[in-house]
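Here the protein sequences line up with chains A and B, keeping their order.
Numbered according to my numbering, the first sequence spans residues 1 to 241.
Numbered according to my numbering, the second sequence spans residues 1001 to 1193.
Any given hint could turn out to be false.
Said to hold, decoys possible - Reference listing, derived: stretches of chain B covered by chain A, where coverage requires no fewer than 3 residues with Cβ under 8 angstroms from a Cβ of chain A: (1) 1103–1110; (2) 1140–1154; (3) 1173–1182.
It is worth saying that the hints were derived from the structure and are not from the lab.
Glycine included, C-beta positions come from ideal geometry on N, C-alpha and C.
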Amino acid sequence: MKRNTPLLTLLTGAALGVVLLIVNMVSYPNPAKSPTSYSAPVTSAPAASTAASSPAPAVATSAVASPTPAVTVTVPVAVNFAGKAQKGNAAVAVAIHGDKAIAYICNGPTVAAWFQGTVSNGKVDLAGKGNSHASLTFDTAGTMSGSVTVHDTQFPVSTLPMVHSPAGLYIFTGMAGGKMIKAGWIEMSNGTQIGSILINPDASAPTVIAAPLLNVASATATYDGTVLHATQISGISGSGF
Amino acid sequence: MTAQQGTSAPLPPQPVSSGVLKWVIPCLIGGLVALALGLYGRLHHATGIAVNIAGFSSPGYVKSWLATGATFFAIVQVISALVMYGKIPRVTAPSWIGTLHRWSGRIAFILAVPVAIHCLYALGFQSYSTRVLIHSILGCAFFGAFTVKMLILPKQGLRSWVLPFWGAVVFLTLIGIWFTSAYWFFSTFGIHR
Chain A
1 MKRNTPLLTL
11 LTGAALGVVL
21 LIVNMVSYPN
31 PAKSPTSYSA
41 PVTSAPAAST
51 AASSPAPAVA
61 TSAVASPTPA
71 VTVTVPVAVN
81 FAGKAQKGNA
91 AVAVAIHGDK
101 AIAYICNGPT
111 VAAWFQGTVS
121 NGKVDLAGKG
131 NSHASLTFDT
141 AGTMSGSVTV
151 HDTQFPVSTL
161 PMVHSPAGLY
171 IFTGMAGGKM
181 IKAGWIEMSN
191 GTQIGSILIN
201 PDASAPTVIA
211 APLLNVASAT
221 ATYDGTVLHA
231 TQISGISGSG
241 F
Chain B
1001 MTAQQGTSAP
1011 LPPQPVSSGV
1021 LKWVIPCLIG
1031 GLVALALGLY
1041 GRLHHATGIA
1051 VNIAGFSSPG
1061 YVKSWLATGA
1071 TFFAIVQVIS
1081 ALVMYGKIPR
1091 VTAPSWIGTL
1101 HRWSGRIAFI
1111 LAVPVAIHCL
1121 YALGFQSYST
1131 RVLIHSILGC
1141 AFFGAFTVKM
1151 LILPKQGLRS
1161 WVLPFWGAVV
1171 FLTLIGIWFT
1181 SAYWFFSTFG
1191 IHR
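Just chain A, same shape as in the assembly:
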């Protein structure tokens, strides 16, 4: 039997892989195929909220089911959403990393607002500048719905889909053409893109203009003769958080 031990090693690893895959399929069914049974990427354990004050934790974990005492199912909250709002040709992107969330809404030439917030009990509450705020909840279908309010204008958001890179949210902050700008782009999964630039973003009423097209492959755009190197804000990788 000694000769078969390499095969045994192989089969043991394969069996472990299959078991893990099945546990995954049960715990996190494919949202595209089984929308009704999708479990929203949210933790219900109270312990998860303790990560709020510490600097590094990126993902909330909670013991939901435990095949063995040592291994527990963690519910990492690491997702990106992007899509159109239900109003005003605006796009909305939400990146969730751990219990932190970053959101952005823009429509090109007139609306651009950034939000930061936290995730708790399946709900994302975000605050922006002035009277801007957003509130979104996870749907059972693996999407997000709610509303984003920018300076008293409310943009309803319905079934905002989960997206994967290169779709998602991109940001550039810095000097360009002698001005301080904060540019944001939302690349949707169908390849359409909406982007806006806030000029003097820290002013009480920054100017909004449409952003030049961002090349998502290189994450660059050219504005006023300056090449802007954007970075992706991603809940999956944690970049931008």
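Given the coordinates of chain A, work out where chain B should sit on it, guided by the hints.
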């Protein structure tokens, strides 16, 4: 696998043509394993989340530490193999070196499996950057190469370079995987749990 092999039982009757089959079939199976992983990673809709181990700050850290563990045991693999083959001057292989080699390999493999499943299920085979593309390819190739190594291991009468060759392929793929994942992750986000 070990020195005492071959003295216990007479060789089973093998047709001459099995000389080629000895490595062609394992290579085909290994290739299919790599291809299957790649296709699954590409066609399966990545969920962004998957089952993981608690106690770490993020799935990225779980995977980085598991991958680092696998890489550590892979280094033990290379050293123990060199000792077994008498390639380290003035070191004679102790009797337990075969056991060390086998178990370090098994541990490395078992540590790598959950990482791979998390990658395949949550992230998929991706190509949005050079690092990610190389990592995706090497990740699939590693399990294919490991399959080949395990399947040819019990075969007798292999040419002397065959096992070291596949061992090197498996090791180098794993090192490539580690550099394009855990090394990148730790250097980007810092080394902690």
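Here is what the structure says about each hint:
{"no.": "1", "hint": "1103–1110", "result": "holds (count 4)"}
{"no.": "2", "hint": "1140–1154", "result": "holds (count 7)"}
{"no.": "3", "hint": "1173–1182", "result": "violated (count 0)"}
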